[in-house]
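Protein chains in written order, with this note's numbering: chain A, 1 to 271; chain B, 272 to 322.
Since the hints were made in silico from the structure, they are not lab data.
Glycine included, each C-beta is placed from N, C-alpha and C at the ideal position.
Misleading hints may appear alongside valid ones.
[Unchecked claim] What follows is a set of in silico ranges between Cβ atoms, one per label pair, in the way DEER data are often shown: (1) B/Trp315 with A/Asn32: 36 to 42 angstroms; (2) A/Leu211 with B/Ile282: 15 to 21 angstroms; (3) A/Ala12 with B/Ile282: 44 to 50 angstroms; (4) B/Ala311 with A/Phe19: 31 to 37 angstroms; (5) B/Gly318 with A/Lys225: 45 to 51 angstroms.
Spelled out, the chains give:
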Amino acid sequence: MSSAPESNLSRAARYAVPFALLLIPVWRTKVNAEVPEPYLDEVFHIPQAQAYWAHQWTHWDPKLTTPPGLYLWSYALCAILLALRGSPTKLDTEALRTTNVATTGIFLPWRLQTLSDAVHKVRNTRPLGAWLSHTVLNICLFPPLFFFSGLYYTDILALLAVVEAYNWDLKRASGDGYTFFSTLGFLVFGLAALVCRQTNIFWVSVFLGGLQVVRKIRKSAKVCKSSDISAIVKGGLQNEIYDPLVSEASLQGMLKFTHKLIASGLSNAYV
Amino acid sequence: MYNSDYLKSGISLAAASLRNPFSIVASVLPHIIILGAFGAFVLWNDGVVLG
Numbered sequence: 001m002s003s004a005p006e007s008n009l010s011r012a013a014r015y016a017v018p019f020a021l022l023l024i025p026v027w028r029t030k031v032n033a034e035v036p037e038p039y040l041d042e043v044f045h046i047p048q049a050q051a052y053w054a055h056q057w058t059h060w061d062p063k064l065t066t067p068p069g070l071y072l073w074s075y076a077l078c079a080i081l082l083a084l085r086g087s088p089t090k091l092d093t094e095a096l097r098t099t100n101v102a103t104t105g106i107f108l109p110w111r112l113q114t115l116s117d118a119v120h121k122v123r124n125t126r127p128l129g130a131w132l133s134h135t136v137l138n139i140c141l142f143p144p145l146f147f148f149s150g151l152y153y154t155d156i157l158a159l160l161a162v163v164e165a166y167n168w169d170l171k172r173a174s175g176d177g178y179t180f181f182s183t184l185g186f187l188v189f190g191l192a193a194l195v196c197r198q199t200n201i202f203w204v205s206v207f208l209g210g211l212q213v214v215r216k217i218r219k220s221a222k223v224c225k226s227s228d229i230s231a232i233v234k235g236g237l238q239n240e241i242y243d244p245l246v247s248e249a250s251l252q253g254m255l256k257f258t259h260k261l262i263a264s265g266l267s268n269a270y271v
Numbered sequence: 272m273y274n275s276d277y278l279k280s281g282i283s284l285a286a287a288s289l290r291n292p293f294s295i296v297a298s299v300l301p302h303i304i305i306l307g308a309f310g311a312f313v314l315w316n317d318g319v320v321l322g
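Start from the sequences and build out the full structure, keeping to the hints where you can.
Below is the structure:
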């Protein structure tokens with residue numbers, strides 16, 4: 001999978017990615033034409049972002065359930081644009097949605113690509129690059145995520161922050177460069193992820209922490225050859241890990257269990 | 272069920288983590304700091320509001 005050979009399909013895929021990116025401004029225009037007024041939760045997000053733009057930093061709508069990450073991000077993007085080209089001076093619905101479109105079309109694919117390269121641990125050659133880019137594109141087009149790309153919602157920025165925290169955590173784990181610096185980067189983006197969405201606590205702390213624990217154990221552990229349960233526990237205490245690849249893992253036991261469950265369910269149903 | 276490699280891997284990792292708990296906790300210290308920061312926020316906010 002990660003060593004996809006060069007083929008007509010992989011060459012075609014290379015062009016699919018920029019083509020899809022070109023469609024994003026069309027999507028933005030279409031959304032703004034069809035839904036010009038704030039839609040559902042946008043009713044709360046947009047006035048809050050406008051209050052920050054007007055430097056009313058103490059203004060807070062108590063109905064909001066997400067921390068202010070999105071509004072600060074839009075503020076920063078628009079402040080940079082304002083300094084560069086003198087607009088936008090006023091943040092309307094369309095301008096705020098555009099900051100989210102930029103997050104989807106530029107920042108998220110860019111950081112996802114970096115993450116994908118790091119996770120696969122391979123040099124990004126051209127045919128492989130096409131395969132990876134296509135994976136990135138598929139993630140960005142994931143319907144529940146893409147739905148919010150043209151609107152002013154927190155979902156996409158929340159994902160971007162988690163992806164960037166993951167990037168820094170992998171950099172930290174790889175041990176290249178200064179560990180202090182990459183740990184600091186992870187902390188900054190991990191906390192930023194919390195500022196975007198409270199539920200991100202699971203992803204940056206529990207999920208990434210769990211991965212780190214497994215990485216740490218595997219680093220020093222030897223392979224446990226027995227698949228007997230008591231031998232596995234004993235082996236574990238002597239730093240031997242029973243950790244087969246998913247592709248080689250046995251589901252037999254689980255299937256047997258499911259069969260039994262169904263069989264007993266059926267027999268009970270007819271009693 | 273108890274034949275499943277998924278369950279066995281989990282048990283194996285749990286047993287191995289008992290061998291050297293301090294170095295494992297040290298390696299996830301940044302994650303624990305973030306969890307602590309979230310806990311502090313929840314205390315300050317007087318509960319968690321999700322939406």
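Cross-check of the supplied hints:
{"no.": "1", "hint": "B/Trp315 with A/Asn32: 36 to 42 angstroms", "verdict": "38 angstroms, holds"}
{"no.": "2", "hint": "A/Leu211 with B/Ile282: 15 to 21 angstroms", "verdict": "18 angstroms, holds"}
{"no.": "3", "hint": "A/Ala12 with B/Ile282: 44 to 50 angstroms", "verdict": "46 angstroms, holds"}
{"no.": "4", "hint": "B/Ala311 with A/Phe19: 31 to 37 angstroms", "verdict": "46 angstroms, violated"}
{"no.": "5", "hint": "B/Gly318 with A/Lys225: 45 to 51 angstroms", "verdict": "50 angstroms, holds"}
Checked against the numbered hints given earlier, the structure breaks only hint 4 and satisfies all the rest.
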